[in-house]
Amino acid sequence: MNDKLFVVAVGGTGMRCLEAFTHLCAIGMFDNQEIEVLTLDTDQNNGNKVKVENLIRLYTRIKSTDNICNPNANTFFSAKLNLHQFWTNYEGTGRENYRNISKLNSGTPEQQEENKLLSDLFLEKNSVQEFNLSHGYRAQTHLGSHLMYHGIVEAARNLALGKDVKVEERDLEKFLGKMEKAGSDARVFIFGSVFGGTGASSIPVLPKAFKDAVYIRSAGKSTLDLSKMKFGSTLLTEYFSFKKPDLKQMTSKEDSVIADSSFFPLNSQAALHFYQSDPTVQSTYKKLYLVGWPIESKPLGDERKEDKVITGGANQKNPCHITEMICACAAYDFFTRKDGLENPKAEYLYKAIEYDKSTFNFDFNDFVGNDDKAGETFANRLGAFLSLAHIVLTKNEAATKDEMGTKAFIAFLANQKINMYLSISDEDTIEIDNYMKEFAYTFDSQKFIPGWIYQIRGTVSPGRFMFNDKAFSSTIKELNDLDVGAIFLDDKHHWEKSVLSSRYDTFCKTLINKGEPMPEQKANSLKEKFLAHIYNAITLSQNF
Amino acid sequence: MNDQSISAYIISVVIALIFLLIAAIISNLIQYEGGSHPKDKGKRKMWFWIFAILTPLVILLYGFLIVRTDINVPSLRDKYTIALSIGTGVSILVYVLLGFILSKIFKNGKIGNWF
Numbered sequence: 001m002n003d004k005l006f007v008v009a010v011g012g013t014g015m016r017c018l019e020a021f022t023h024l025c026a027i028g029m030f031d032n033q034e035i036e037v038l039t040l041d042t043d044q045n046n047g048n049k050v051k052v053e054n055l056i057r058l059y060t061r062i063k064s065t066d067n068i069c070n071p072n073a074n075t076f077f078s079a080k081l082n083l084h085q086f087w088t089n090y091e092g093t094g095r096e097n098y099r100n101i102s103k104l105n106s107g108t109p110e111q112q113e114e115n116k117l118l119s120d121l122f123l124e125k126n127s128v129q130e131f132n133l134s135h136g137y138r139a140q141t142h143l144g145s146h147l148m149y150h151g152i153v154e155a156a157r158n159l160a161l162g163k164d165v166k167v168e169e170r171d172l173e174k175f176l177g178k179m180e181k182a183g184s185d186a187r188v189f190i191f192g193s194v195f196g197g198t199g200a201s202s203i204p205v206l207p208k209a210f211k212d213a214v215y216i217r218s219a220g221k222s223t224l225d226l227s228k229m230k231f232g233s234t235l236l237t238e239y240f241s242f243k244k245p246d247l248k249q250m251t252s253k254e255d256s257v258i259a260d261s262s263f264f265p266l267n268s269q270a271a272l273h274f275y276q277s278d279p280t281v282q283s284t285y286k287k288l289y290l291v292g293w294p295i296e297s298k299p300l301g302d303e304r305k306e307d308k309v310i311t312g313g314a315n316q317k318n319p320c321h322i323t324e325m326i327c328a329c330a331a332y333d334f335f336t337r338k339d340g341l342e343n344p345k346a347e348y349l350y351k352a353i354e355y356d357k358s359t360f361n362f363d364f365n366d367f368v369g370n371d372d373k374a375g376e377t378f379a380n381r382l383g384a385f386l387s388l389a390h391i392v393l394t395k396n397e398a399a400t401k402d403e404m405g406t407k408a409f410i411a412f413l414a415n416q417k418i419n420m421y422l423s424i425s426d427e428d429t430i431e432i433d434n435y436m437k438e439f440a441y442t443f444d445s446q447k448f449i450p451g452w453i454y455q456i457r458g459t460v461s462p463g464r465f466m467f468n469d470k471a472f473s474s475t476i477k478e479l480n481d482l483d484v485g486a487i488f489l490d491d492k493h494h495w496e497k498s499v500l501s502s503r504y505d506t507f508c509k510t511l512i513n514k515g516e517p518m519p520e521q522k523a524n525s526l527k528e529k530f531l532a533h534i535y536n537a538i539t540l541s542q543n544f
Numbered sequence: 001m002n003d004q005s006i007s008a009y010i011i012s013v014v015i016a017l018i019f020l021l022i023a024a025i026i027s028n029l030i031q032y033e034g035g036s037h038p039k040d041k042g043k044r045k046m047w048f049w050i051f052a053i054l055t056p057l058v059i060l061l062y063g064f065l066i067v068r069t070d071i072n073v074p075s076l077r078d079k080y081t082i083a084l085s086i087g088t089g090v091s092i093l094v095y096v097l098l099g100f101i102l103s104k105i106f107k108n109g110k111i112g113n114w115f
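So the protein lines, in turn, are chains A and B.
Final position of the first sequence in the numbering used here is 544; the numbers increase by one with none missing.
Final position of the second sequence in the numbering used here is 115; the numbers increase by one with none missing.
Some hints could be false.
[What the hints assert, rightly or not] In silico lysine to aspartate or glutamate, EDC-like type, Cα no more than 20 Å apart, as pairs: (1) A:K228 - A:E154; (2) A:K514 - B:E33; (3) A:K417 - B:D70; (4) B:K39 - A:E397; (5) A:K477 - B:D78; (6) B:K107 - A:E516; (7) A:K497 - B:D78; (8) A:K417 - B:D3; (9) B:K39 - A:D278; (10) A:K103 - A:D120.
These are calculated hints, taken from the structure and not from any lab test.
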C-alpha cells in the first residue's frame, strides 16, 4: 500500500476520535507511515481541539531528535504525524453570526431583500441567524455545511490573493498542497459525528470544499479528482448526552441556539437518511463506517456539576468513549485495505459486538478484524503499550513523583551496564512519562486521574474490555500489587515466571539480553532505539 | 609440605568457591526493582561482601576449632597455622578476584552489580 494518508478531524467528537487515532499511532499500528493530520473547527480554543493538538505535538517531540522525525516499523510511535490546523474565523466584528458574516445588509436594496428572504426560508430568523458561531454550529447542520464550505473557500480566495493571509490559512494550504500532490494516491479519512454540529455539518461538504479550494487557490490550474481519490469517514451516531439547556441560558441572542442532546437520536436518524440518499456523498466517499452506541451512556457534566450547558470553548473537554476508539479503528481498516476502494459509490460498513447481560464484551479482533493477523498485532501492541505505561507510571513512579518514570528506567539499565541511553535528556524522559499519563493515568496528590485507555474502558465496564480487570487498577495499593506481565485474559501472553523469578524480573532479563533494535525497525535516533528496545523486550515476553 | 597444610589450602579455596557460588545464587534470586530508589543492586553488592567477610571467618573457625585441635604434634600444628593463615589470605584473594572477573564477564547480569 503506497497511498499517502490524510486524516481530518472536525468538531469536538472528531477531535476525540483523532485522540484515539493518535494513541493507535503511539502503540505502533501505522508502521512506516507519514500521516498528514488536519484539525478543523470553528473554535480555535476548543478544549478537545487544544487537547488533541497538544497530544500530537507531544507525540512528535517524543519521536523527534534535533527536529528530525522519521517513520519507523514494529515499535512504539512508529508513524510520523504532521499536524495542520485550520479554523473558520468567527471572532471580531462582522463575523460573529450568520447575519453578519453573510453580509445580509450589504448590496442594493433588492439584493438585500432577496438575501433576507432566502436566508429566512432556510434559517430561523431570530435564533439560527443570530447565535454566536465561535462555539460551533450547535446542531444546526444546514447552516454549518453552508458556512464550513464557504469558510474553506474564503481561505482559498485569500491564499490566491496573497493578501492578509492568516496563519491557519497557510496551514490549510500546506495540507491541501500535499493532498493535491498525492492526487489519486490520497487516502483521506474524516472523523466527526453525524448528530452534533461542526462534524455533522462538514462531513458531506469537505471533499467538495477541498476540491474547490485547490481549484481557487491555483487560479483554475489544478484540482482534485474526487472520483479517484479515496475518501472515507465514520457515520458516528449519538453516544453521549448532557443536561437540557435551561431557558435562562437561552435568553441571550448569542446563546439562543444550544444543542439539545435529547434531539441527538432524531438528528442521527435524519443524518443517516441523508447519507443513504445524498448523491454527492455517495459519489465522493468510498467507505462509510456506521458506528453507534445502542445503550444509554452516562450523561456528561455530572462530575463537573455545571449549571450551564457548555456550548464549546476551552471548557469543552468531554471524556473519551469507546465509540471514538472504534472510529479510529475504522480509519485503520480504511488505511490498511489492499483493495475495495475503486467502487464508484459509497459502501456502508458495520459490524456487531457481543452483547450479554446488558453489557458489551470486546475482544481484540472486534476492533481491527483478523486479516493478516491484525487482531494479534493489535493485542501485542496495545498490550505492550499498556504494560509499558504501568512500568513507567507505577513501577517507576512517574504517576506519583516527578522526574522518575522513564528516567528511572534508564537508570536501571545503566545499573546493568547498559549505558547507551544515559544521554537521553531529562526533558525527553519527562515527555515520554507525560504521554504515558495521557494514555493511562496519573495521580493528583492522592486523587486518581484516568487517562485515555482508562476512560475508554470505563464506558464498557463491567463488560469485558480485552484485558484482565486488574490491568485497570486505580488505587496506589492495587497498582503496586499489579503484575504488569499478566494483563491479558489469555495466559499464553503472560510474561514467563518461575519459582525464582517474577514476571517483571524475567522481562528485565529479556530486556538486558535480547531486546536490541533491529535494522528493519528503522530506529535511528537514541530515543527511537530506546523505544524499539523496550518494544522488542515486551513483545518477546508476551510470546507473540 | 604435610597433608594438613595441603588440606588447609584446599579447604580455603573450596570454601571461597562455595561462598562465591552462594553469593551468585543469592544475587540472582534478588528481583529487579523499579522506582526512584531501587535497592536490588545494593542488596546484591551487600551479599557479595557479606560472603567476602564470611569466607575467611569460616575458614579460620573451621581450621582452628575443628582441624587444628586434632593435630597433636606442635611443629605440625605450627605449620598448619601458617598454612591456614596463608590459605585464608589466598581465599580472600580468590573470592574477590573471581568475583570481579565474573562480574565483568556477566556485566549486564545481576552479578554484574558486584563491581
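Here is how each hint holds up against the structure:
A threshold of 20 Å between alpha carbons decides the hint, and for K228 (chain A) with E154 (chain A) the separation of about 25 Å lies outside it, so the pair is violated. For the hint linking K514 (chain A) to E33 (chain B), the alpha-carbon distance of about 19 Å falls within 20 Å, and the restraint holds. Proposed proximity of K417 (chain A) and D70 (chain B) is contradicted: the alpha carbons are some 49 Å apart, above 20 Å. For the proposed pair K39 (chain B) and E397 (chain A), the alpha carbon gap of about 15 Å is at most 20 Å, so the pair holds.
Note on K477 (chain A) and D78 (chain B): the hinted pairing is violated, with a Cα-Cα distance of about 62 Å set against a maximum of 20 Å. Between the alpha carbons of K107 (chain B) and E516 (chain A) the distance comes to roughly 16 Å, so the proposed pair stays at or under 20 Å and holds. Restraint check: the Cα-Cα separation between K497 (chain A) and D78 (chain B) comes to about 53 Å, which exceeds 20 Å; the hinted pair is violated. A distance of roughly 45 Å separates the Cα atoms of K417 (chain A) and D3 (chain B); the hinted pair therefore is violated under the 20 Å criterion.
For the hint linking K39 (chain B) to D278 (chain A), the alpha-carbon distance of about 67 Å lies beyond 20 Å, and the restraint is violated. About 14 Å separates the Cα atoms of K103 (chain A) and D120 (chain A), which keeps this hinted pair within 20 Å; it holds.
When the structure is compared with the earlier hints, violations turn up for hints 1, 3, 5, 7, 8 and 9 and for no others.
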